[in-house]
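A.B. asks: Spelled out, the chains give:
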Amino acid sequence: MTDPNRVLRNLRNTRDFRAELLDIAASLADNAAYAAIHIDEPAISEETIRAEWDRLIVAVKPTIAKRMRLELTSSNKKGKDASALSKAAAKASRAIELERPNYRAEVLRLLIGASFANDGMWSVKNLIKKIGASQTPVRQALLDLKLSGLVQDWSGSHVDIAPEDLSAESLAKLQAAPQTLRFRFERGTPIRTPAALLERALPLLRRHSEGIWNAMALSGVAVAQAEVPVLDLVGIPRLDLVAFIPRHEKIFDADALRQLSDGLEYETNLLAPAPVVVTLVRAEQALQSDVRRAGVIDKVRCAAPIDVFLSLLDMNFRQQAYQYAKAIQQ
Amino acid sequence: MTPPQILDATELLRRIAARVPLDLRTNVVIIGSIATAWSFRDISGTATVATKDIDLLLRPAVDAIATAETLAKQLFEMDWQPVYPNDRKPGTLDTPEEELPALRLSPPEERDGWFVELLGEPQAGQTARRAWRRFDTPLGAFALPCFRYMPVAIDGAAATEYGIRTAQPARMALAHMLEHADPDTTPISGLSGNPARFLKDVGRAIALWWLASEQSSVADEAWLAQWRDTLATLYPNSQAEMKAAARSGLSSVGDYLPSAHAIALNSVLAPHGTTLDAYRRAHASLLKLIDQL
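In the order they appear, the protein sequences are chains Z and S. Heads up, the first sequence is in the numbering used here, so the first residue is 1 and it goes up one at a time. Heads up, the second sequence is in the numbering used here, so the first residue is 1001 and it goes up one at a time.
Honestly, I wouldn't trust all of these hints.
[Stated by the list, open to error] Just the calculated beta-carbon pair ranges, DEER-fashion:
#, chain 1, residue 1, chain 2, residue 2, range
1, Z, 5, S, 1093, 36 to 42 Å
2, S, 1018, Z, 23, 50 to 56 Å
3, Z, 100, S, 1161, 56 to 62 Å
4, Z, 152, S, 1228, 56 to 62 Å
5, Z, 232, S, 1240, 30 to 36 Å
6, S, 1240, Z, 272, 44 to 50 Å
7, Z, 26, S, 1096, 50 to 56 Å
8, Z, 18, S, 1158, 47 to 53 Å
9, S, 1240, Z, 250, 32 to 38 Å
10, Z, 149, S, 1228, 58 to 64 Å
It should be emphasised that the hints constitute simulated quantities derived from the structure, not laboratory data. Note that beta-carbon positions come from the ideal geometry of N, C-alpha and C, so glycine has one too.
Based on the provided sequences and hints, a complete structural model is requested.
C.D. replies: Written out as structure tokens, the structure is:
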């Protein structure tokens, strides 16, 4: 007996499908064999093929019909059609290319952190050591910040900053804002509120596992409210995370963010509202685990006050950011 | 073909448990789509499911026949009626086991609606994909279909407040994947396109994982722990082989994800409209999870 299975590639019309289907039925009439009609890379839609199957199969004798089956092969492997392209795009969107470390942002971050900790002035040498980069870019970043008037230079070897001089606008103007990755819900997926996203983030930030979640900490309003409950903030406008990424990394694999919600995708528009924002910290010191605090919210890794402060500024909660900074310093 | 109904898992569990004699309730485990709906009832829209058959697995294997006979007698007395979707009628003493029908019973108040189907735990050492075990009722002989990986599916079944237990999604998924390490291509005539059995079963495993990920951001931990526990209990000397078998089963649908997705969308994913891209991602992340076993 010849092989009753059939493969139809690049099927372009239902006429060919009907002919094959009836031919298979005929080949099964005098035996007890099973057969599949396999449609590979159809040019017509899957729905059309299924509808045609449903229409015809009832016309075939039931004892034969139940031995026949339809198989549709995924076309995503060959990268030809729209779904393949969208898959490639989706994959690309998960591997996000990182900007080079922004040393102005890193210098500012450390200086504000020192100010919060009442460490006073910092030596330039100490700054270079904490950032872990070579002297030239750090000194250049410091020079730019001094010229802007944000950083106070004391005797050429020590520097200082006043957090209340900062705003989202000044950071943007100076290109001293840290790199942020914003995520939105892709079309057609269920929307989760920031509060629901926070609930899902907490267990991920409690456990110790391999992968990007181990290098992340909770930031933003959630941490600010936990530390300073009197802050003039109600609810969670977005979920803020900080990711501690080594300076040499060039790619951020955002796939892990799908554990928060399967429908989260990278938002390239920096001005669009985003339910999840990840701020990247690239300084060497940030990679040490002691900058992630577990005592603020029951064993949840929380970002340092400076990162919480910067995230409040990023949301344009300037007054609340200063209020937070003041409370932390006391 | 009667279309599947939208059934409420909690209501069904309550009604079924009420009709199972108290002393038999520990011998019954609900598996399949109702167990799924029950496990994920806290996810919006998942408390109901599009189905018409409610699978009751009778265990332990040694008591399955006696349980089936007692349960059948009791339900007949309550005017539950047998359903014969394949026109296969009850047999006699001479009917071979594989020609006997499974016992499907519909409740008196919903003759054209849902029905329960009795399945049995396989006897130790069953290697065939499916075995039939005869049992007798006042209407004649029926058979309990016993699938070889059912012990995996019902291991650690969760208790409910109704005294009846339900299978856990992680274990049901594992059972489906193991079952199709060698894919069963038998057509399912009740579904559009007569898809191969493995597409429905392995596709269900992916759907269960997608639902689990919706339910909890750390579902991976729970699934791995349950899988490890089950494999250590049931296959202490062949865990590596079982892991390879599960991976092979899951890989078998890789080229057919649109078909598997279409089937799942008409069943446990019906309330969610899960996109094909999301389904593909669930398949990929489930493969990664198996690699962590």
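A.B. asks: Could you run down the list of hints and mark each one as holding or not?
C.D. replies: Right, here's what the structure says about each hint:
no.	hint	result
1	Z:5 x S:1093: 36 to 42 Å	holds, 40 Å
2	S:1018 x Z:23: 50 to 56 Å	holds, 53 Å
3	Z:100 x S:1161: 56 to 62 Å	holds, 58 Å
4	Z:152 x S:1228: 56 to 62 Å	holds, 58 Å
5	Z:232 x S:1240: 30 to 36 Å	violated, 58 Å
6	S:1240 x Z:272: 44 to 50 Å	holds, 48 Å
7	Z:26 x S:1096: 50 to 56 Å	violated, 31 Å
8	Z:18 x S:1158: 47 to 53 Å	holds, 48 Å
9	S:1240 x Z:250: 32 to 38 Å	holds, 36 Å
10	Z:149 x S:1228: 58 to 64 Å	holds, 60 Å
Hints 5 and 7 from the earlier list are contradicted by this structure; the remaining hints agree with it.
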